[in-house]
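Hey, can you work out the whole structure from these sequences and the hints?
Protein chains: 2
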Amino acid sequence: MTLLNETHDPKLKSWISSANDPSCDFPIQNLPFGIFSTADDPQPRVGVAIGEVIVDLAALEAAGLVSPPGAEQPVFAAATLNPFIALGRAAWRDTRLQLSRLLREGTATLRDNSALRERALVKQAVAALHLPVEIPGYTDFYSSKEHATNVGAMFRDPKNALLPNWLEIPIGYNGRASSVVVSGTPVRRPNGQIKLPDQERPAFGPCRRLDIELETGFIVGQGNALGEPIACEDAEQHIFGMVLLNDWSARDIQQWEYVPLGPFNAKTFATTISPWIVTLDALEPFRVAQPEQSPQPLPYLRHAGQHGFDIHLEVRMRPAQAARASTISRTNFKYMYWTMAQQLAHHTVSGCNTRVGDLMGSGTISGPTPDSYGSLLEITWGGKHPLTLDSGESRTFIEDGDELTLVGWCQGDGYRVGFGECRGEILPALPGAR
Amino acid sequence: MTLLNETHDPKLKSWISSANDPSCDFPIQNLPFGIFSTADDPQPRVGVAIGEVIVDLAALEAAGLVSPPGAEQPVFAAATLNPFIALGRAAWRDTRLQLSRLLREGTATLRDNSALRERALVKQAVAALHLPVEIPGYTDFYSSKEHATNVGAMFRDPKNALLPNWLEIPIGYNGRASSVVVSGTPVRRPNGQIKLPDQERPAFGPCRRLDIELETGFIVGQGNALGEPIACEDAEQHIFGMVLLNDWSARDIQQWEYVPLGPFNAKTFATTISPWIVTLDALEPFRVAQPEQSPQPLPYLRHAGQHGFDIHLEVRMRPAQAARASTISRTNFKYMYWTMAQQLAHHTVSGCNTRVGDLMGSGTISGPTPDSYGSLLEITWGGKHPLTLDSGESRTFIEDGDELTLVGWCQGDGYRVGFGECRGEILPALPGAR
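Protein chains in written order, with our numbering: chain A, 498 to 931; chain B, 498 to 931.
Hints are computed from structural coordinates only; laboratory data are not their basis.
There's no promise every hint is true.
Unchecked claim - One-sided excerpt, in silico: chain B residues whose CB lies under 7 Å from chain A:
| no. | residue |
| --- | --- |
| 1 | Arg673 |
| 2 | Arg685 |
| 3 | Thr824 |
| 4 | Arg852 |
Backbone N, C-alpha and C fix where the C-beta goes; we use that ideal spot for every residue, glycine too.
Structure, rendered in structure tokens:
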């Protein structure tokens with residue numbers, strides 16, 4: 498582990514005692530940013546999760562206890578993180594340090610100011626969480642070699658599962674930003690065109706092969722101008738942080754529509770992200786080497802050092818009536834072949850510009866074994882091997898009422914830097930064949 | 498021609514005499530909306546083009562001469578059209594009628610108020626035109642049967658050029674909104690991965706097969722909520738207007754990258770649109786039947802009546818040193834197989850939401866004959882049949898310094914409703930293989 502600065506010290510404790518539980522996602526080493534509101538104050542504003550509470554940064558900023566360098570006006574009394582993120586990396590770091598010092602054991606400023614503490618600490622249980630950023634553009638990559646190989650084997654040729662361009666290009670495509678929703682938002686099963694093998698023409702109706710894709714996403718913190726690519730070596734400096742991302746996918750709609758321009762209605766009905774953005778700074782101690790890349794990438798995709806991150810990931814599925822969820826996949830971000838830096842360098846190498854708040858999905862994260870696959874398509878191998886849940890029910894794809902939850906965390910020494918949940922329940926399709 | 502209301506009367510003349518020239522793109526029957534600024538007043542604001550001038554709507558609104566119904570605060574002193582468009586169809590129609598009455602021959606209010614006229618009429622020649630809308634999402638369709646057939650014949654199988662899904666689905670994909678630029682913005686030739694047939698690995702370098710795609714785009718004026726599709730019969734009510742659109746394409750980058758998720762870097766470096774949005778109301782007299790669709794589309798894609806528009810389109814190419822441009826293609830929007838209404842109904846049928854200002858490209862518009870094809874790829878048949886320009890130079894694809902211009906207009910009786918220009922000059926690629 499790398500101890501870049503005092504915010505990473507594993508021994509740090511907070512005077513907010515719930516943050517010191519070793520199984521808590523939000524210890525003082527994490528300090529992820531999000532947008533929340535409460536029944537008392539329905540105005541969405543910036544908060545930081547710690548233990549079981551949210552620290553209201555708008556309140557701290559108004560009280561003069563937190564002030565991001567470079568801010569000419571308040572940035573935390575905002576309904577999105579974009580104004581704060583736009584201040585740049587030095588401001589993110591400095592604010593993180595200010596918060597770490599304010600919330601650590603022994604610092605009395607906020608702890609002993611009961612009036613302010615009352616206003617500024619909100620129980621997560623009573624808060625509503627909102628989409629943390631306004632997302633000008635959403636791009637989804639396809640950077641897990643295991644996932645690309647599995648899909649290629651199923652849909653094309655098992656002997657040549659990986660397409661020739663895959664080892665050269667961090668393949669990606671433009672997603673639909675408008676339908677990115679925050680964890681907890683119910684997702685309606687899409688209707689669409691489905692072409693069954695024994696039918697001459699497609700039929701219109703509810704998706705029958707509704708799936709998840711376990712992904713992470715990163716949020717662009719500093720964009721680039723049109724025509725000015727971001728070099729691979731510099732790319733991480735442009736990344737604010739990461740979220741969990743569920744790229745809901747209608748496999749039957751996708752299979753019929755995707756040639757030759759890629760997936761469209763199969764993906765555009767919803768993409769769910771977790772509400773807390775874990776900063777790249779908080780993830781720094783969990784940096785690991787990415788898998789070896791062979792052939793060596795073209796020069797514009799090269800970067801020295803380690804660019805993987807050791808993030809444990811799980812998928813949980815809970816049928817409507819089940820008392821508890823079953824874990825159906827356990828994998829890790831460190832398996833990803835292409836790094837976030839390579840994705841961003843490739844995205845911009847043509848001159849394409851990026852903007853503050855842009856969301857870039859990793860692509861489905863599959864590990865080497867079936868219990869580490871990141872989609873039901875792979876876990877049940879196209880529906881051939883149904884999954885048995887703890888409740889005794891079996892599943893090939895998602896049924897109405899099922900709730901799917903992604904979780905993720907980095908394991909530190911006595912603490913974990915967690916992402917919280919990325920959750921969605923499936924509602925029945927709209928009725929009528931229209 | 499349909500005379501829906503008095504704004505369509507072919508006999509209408511304006512007291513702005515340049516608007517009465519039969520070859521002018523902007524007669525009083527058009528009244529397209531855009532965003533402009535001037536050296537004297539660099540604040541971008543809403544204007545309407547008529548004849549050789551721009552009517553400054555911010556100035557007219559401030560003077561109380563134009564007031565869109567439903568506006569609770571000024572909407573024309575804005576840097577984008579989004580606040581105006583968000584007022585909805587009734588407001589667009591009413592504003593158009595107010596302007597038509599104010600600018601027509603015989604109305605003295607503005608004509609004889611020299612102080613206001615001085616402020617509110619700006620010569621187009623001295624104005625800078627900006628992107629007319631903030632574009633939350635950009636989608637590009639692929640709705641010309643001739644284009645899809647030509648591309649399929651070149652890249653896949655001439656005998657089965659059209660893929661099986663094409664006649665059932667208005668195929669579309671998500672584009673990159675960040676790099677949509679307004680006419681006149683220079684476009685830098687992209688660098689990217691290019692895989693030559695005789696090489697084992699791709700090389701990185703400037704695109705060698707840079708192309709245009711002649712398209713139109715429509716601007717969503719009224720969006721839909723997530724999970725609430727727009728019915729095909731209602732879809733035109735959601736459209737504010739149309740622009741010309743050049744979907745610049747790097748064919749060599751595209752060919753290597755596009756399998757299996759579609760075009761990405763080959764398209765994301767720039768998309769140019771014309772600055773004036775011609776309202777669907779202004780296009781109403783030019784409504785024609787779309788081509789016959791066989792097989793009959795699925796019910797969710799059906800709409801009674803005529804949904805094509807008779808829009809003449811041309812592509813002009815001017816090499817750096819040439820005195821004048823050569824027209825290299827003449828086609829018409831009426832050839833489009835899938836209608837804008839069908840595109841929007843399909844886009845949202847999965848539940849995907851759309852937003853005010855969303856841009857939807859038609860896809861390359863090719864007619865039935867080689868001189869009506871909408872891309873150099875088709876015109877030169879993959880570079881096999883070079884084109885000879887009026888200057889004597891020959892071209893397969895675009896060279897550095899070439900200027901490409903799309904123009905379009907509807908021909909009325911003694912007037913034309915034009916789109917102005919959609920123009921871009923190609924700059925050399927950034928140096929260095931990085």
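Hint-by-hint comparison with the structure:
no., hint, in the structure
1, Arg673, "5 Å, holds"
2, Arg685, "5 Å, holds"
3, Thr824, "29 Å, violated"
4, Arg852, "6 Å, holds"
Going down the numbered hints, you'll see the structure goes against just number 3.
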